[in-house]
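Q: These protein sequence lines are chains X and Z, in that order.
Using the working numbering, the first residue of the first sequence is number 1, and each one after it goes up by one.
Using the working numbering, the first residue of the second sequence is number 403, and each one after it goes up by one.
Honestly, the hints are just simulated from the structure, not real lab data.
Hints may contain errors.
[Said to hold, decoys possible] Straight-line Cα separation of at most 27 Å, DSS-like style, residue types lysine-lysine; simulated pairs: (1) X:Lys131 - X:Lys97; (2) X:Lys315 - Z:Lys545; (3) Z:Lys539 - X:Lys315; (4) X:Lys312 - Z:Lys416; (5) Z:Lys545 - X:Lys391.
[As the list claims (entries may be wrong)] Distance windows between CB atoms, simulated: (6) X:Gly217 - Z:Val412: 34 to 40 Å; (7) X:Phe326 - Z:Asp571: 46 to 52 Å; (8) X:Gly217 - Z:Lys518: 27 to 33 Å; (9) X:Leu230 - Z:Pro420: 44 to 50 Å; (10) X:Phe326 - Z:Thr515: 47 to 53 Å; (11) Z:Thr515 - X:Leu230: 53 to 59 Å; (12) X:Gln318 - Z:Ile473: 32 to 38 Å; (13) X:His4 - Z:Asn426: 52 to 58 Å; (14) X:Leu230 - Z:Asn426: 14 to 20 Å; (15) X:Thr253 - Z:Lys518: 43 to 49 Å; (16) Z:Arg526 - X:Gly217: 22 to 28 Å; (17) X:Thr253 - Z:Arg526: 46 to 52 Å.
Cβ coordinates follow ideal geometry from the N, Cα and C atoms, glycine included.
What follows is the residue order along each chain.
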Amino acid sequence: MNLHAIGVVYRKELTEWLRDRRTLISSVLVPLLAFPLLISGIFALANVLVGKAQNEVPKVMIIDGSNSPQLVEDLNKSKEVTIVPYAPNWKDQISNKEIRAAVQVPQGFQAALIEGQSPVVQIYFYEGELKSSFGRDHLKKAIEDYRDSVVKNRLSAKDLPASILTPFEIKQENVAPPEKVSGAGVGGFIGYAVILLCLTGAMYPAIDLTAGEKERGTIETVLSSPVSRLDLVIGKYLLVFSASLVSAILSVTSMGTSFAILGHSHLMTNSEGAQSLNLNLGFVSVVAVFFMALPLACLFSAVLMTIASFAKTYKEAQSYLTPLTFLVVIPAIASIMPGVELTPKLALIPVLNTSLVCKEIITGTYHWGSIVMIFLSTCVYAAAALFLAVKMFQREEVLFRS
Amino acid sequence: MIDTRGLVKVFQDKKRGPIRAVDNVTFTCKAGQIYGLLGANGAGKTTTLRMLATILEPTDGTALICGHDIIDEPELVRRNVGFLSTATALYPRLTSQEMVEYFGRLNGLDETTLQKRRDDIFNRLGMNSFRDRRCDKLSTGMKQKTSIARTLIHDPQVMIFDEPTLGLDIMTARTIIDFIRECRQRGKTVIFSTHVMSEVEKLCDVIGIIQSGKLLAEGSLADLRDRHHQQDLEEIFVQVVSPYQTTEA
């Protein structure tokens, strides 16, 4: 192995890479912008939609409430709902989003209450429609307030205190550190995103440096120079690895910055569930995720180069590599699934193991045995894939496939 | 000097089985000589030259280039060879100068020698006006000059040209032909493959006629004319290859 020759090949590939708009977009621009755009976009959209739905005073309808004036009066007094006159097509009106919900008060409801029976009040709404759900909630709260007042009146009539219904209180408090709370919510997603960006960052350089070189006819030019094929592959591999690494660094940095900014922005403080997503990604976690992504970037670079070098053209290489994306995405997604935990067996499955360990790292849990096993096993897979890539480049039928 | 000894190249084809692309080819090309390998498409010219340039490995036989064996010392062989063909393209995102420098460095030249040689070649070929222009922005003629500069940067003793004028316009082809002549004048060993008879007549000291991977006839133009009682090289070529031509359905 000639380090000087490898350096010459690497520098040349780097120069070309930095001048290639296509690969720069996939390796630099996408990882840099994906997180801020995705995160701020999702939160901004959710904030706007949920806020708008929450602020709306929903129109609701009362069905058959004529002989229950007390409940109807209470509902009419409520500022959280607007009662509209009864119409027989109330179901259609809910479906067409003209009203948000309807409540059916049974005949003789008030009389039944006085007799001590338990009549049923039915609420109708549009399942899955956000504004209708808010309408249902407001309506339910107004009816519950009325029910509480009935209970209160009954107790006072019997000269009993209201506390008789609540002999003791239940309080709950989170004791897990904030980073664990936030990590449990988004830890899996972060690992998944870093892995996917490592792959896409390496994909286009890998195609360009192998199939692209064949398609342009430069492979014969460089093979006629004294550089050995081993040095040539290593030089190229280092560039693909660098591209993957740049993607990993940029995505981790962009992710950390995005969450830090988001944590202090009004978007988080306004939205529901903000507490669980109040992210505290420590510097150590970010470095650890990056460290775990290193051998995976090695593995991706070698596998992508091996497969792409078999193709004759850029397009052919893309069609070979598309199924590989699914192979990577499936275990990465599996790690996000609730209940999928890191076990010694899963620690040997590439991609899934890194995704799972990243999830743990984000929550501040460091199982050193698993971390070492995952790091080393991924290194072994990467070395095997690199060996294959070198072998592929030494095969004439691969380089000059016709 | 090029000394080939029973070169054989067999390709495996899934449908057709083993294909003998080059079959026991033996010839010698001396320094200061141009050897023309004349053959139809698919005759085995490119495969022979790719083996001499160590891009492909022979199935059998070998060749010595400047005393180095193409199988045992491929890297030393490549240090002594300049290989140019229409298939040897340029890196589109490198400038003309970067392209030439890259190959100089791959050939192990130190920076001082590299700069001196680069400037000499750029002056000689009139390349200074486009030295900083990216290769994908060059005209065909500029690209050919850059390719020539790339093959010359390490001052090789042996030049291998595989159909270098294929698809080029007259003026660009003329630049290449002049360059091949210049190589002979500088005492380099030149091997040149083509199927253009006029180029062979103009340039070659020794002509080898190749068909179906076999070297069927060899000699100077005068020798071949005497041997085949024909003045026209095209007629000589047809006479030689006709018995070996395979007809495909």
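Q: Would you mind marking each hint as holding or not holding in the structure?
A: Hints and how they fare:
Distance hint between Lys131 of chain X and Lys97 of chain X is fulfilled; the C-alpha atoms sit about 9 Å from each other, no more than 27 Å. The hinted pair formed by Lys315 of chain X and Lys545 of chain Z meets the criterion: a straight-line CA distance of about 26 Å does not exceed 27 Å. Of the pairs offered as hints, the one joining Lys539 of chain Z and Lys315 of chain X holds, with about 23 Å between alpha carbons and a cut-off of 27 Å not exceeded. Distance restraint check for Lys312 of chain X and Lys416 of chain Z: the Cα-Cα separation of roughly 17 Å lies within the 27 Å cut-off, and the hinted pair is therefore satisfied.
Taking the CA atoms of Lys545 of chain Z and Lys391 of chain X, the gap is about 32 Å. The hint is violated against a cut of 27 Å. Distance hint check: the CB atoms of Gly217 of chain X and Val412 of chain Z are about 25 Å apart, inconsistent with the given range 34 to 40 Å. Separation of Phe326 of chain X from Asp571 of chain Z is about 48 Å and conforms to the stated range, judged on CB atoms against 46 to 52 Å. Take Gly217 of chain X and Lys518 of chain Z: their Cβ atoms lie about 30 Å apart, and the range 27 to 33 Å holds.
Separation of Leu230 of chain X from Pro420 of chain Z is about 28 Å and departs from the stated range, judged on CB atoms against 44 to 50 Å. Take Phe326 of chain X and Thr515 of chain Z: their Cβ atoms lie about 51 Å apart, and the range 47 to 53 Å holds. The hinted window of 53 to 59 Å between Thr515 of chain Z and Leu230 of chain X is violated, with their beta carbons roughly 26 Å apart. In this structure the hint that Gln318 of chain X and Ile473 of chain Z lie 32 to 38 Å apart at CB holds, the actual value being about 37 Å.
The supplied range of 52 to 58 Å is broken by His4 of chain X and Asn426 of chain Z, whose beta-carbon atoms lie about 39 Å from each other. For the pair Leu230 of chain X and Asn426 of chain Z, the beta carbons lie near 31 Å from each other, so the given range of 14 to 20 Å is not met. Between Thr253 of chain X and Lys518 of chain Z the beta carbon distance is about 45 Å. The supplied range of 43 to 49 Å therefore holds. In this structure, Arg526 of chain Z and Gly217 of chain X meet the distance hint of 22 to 28 Å, their C-beta atoms being roughly 26 Å apart.
Here the CB-CB span from Thr253 of chain X to Arg526 of chain Z is close to 50 Å, well matched to the stated 46 to 52 Å.
Checked against the numbered hints above, the structure violates hints 5, 6, 9, 11, 13 and 14; every other hint is satisfied.
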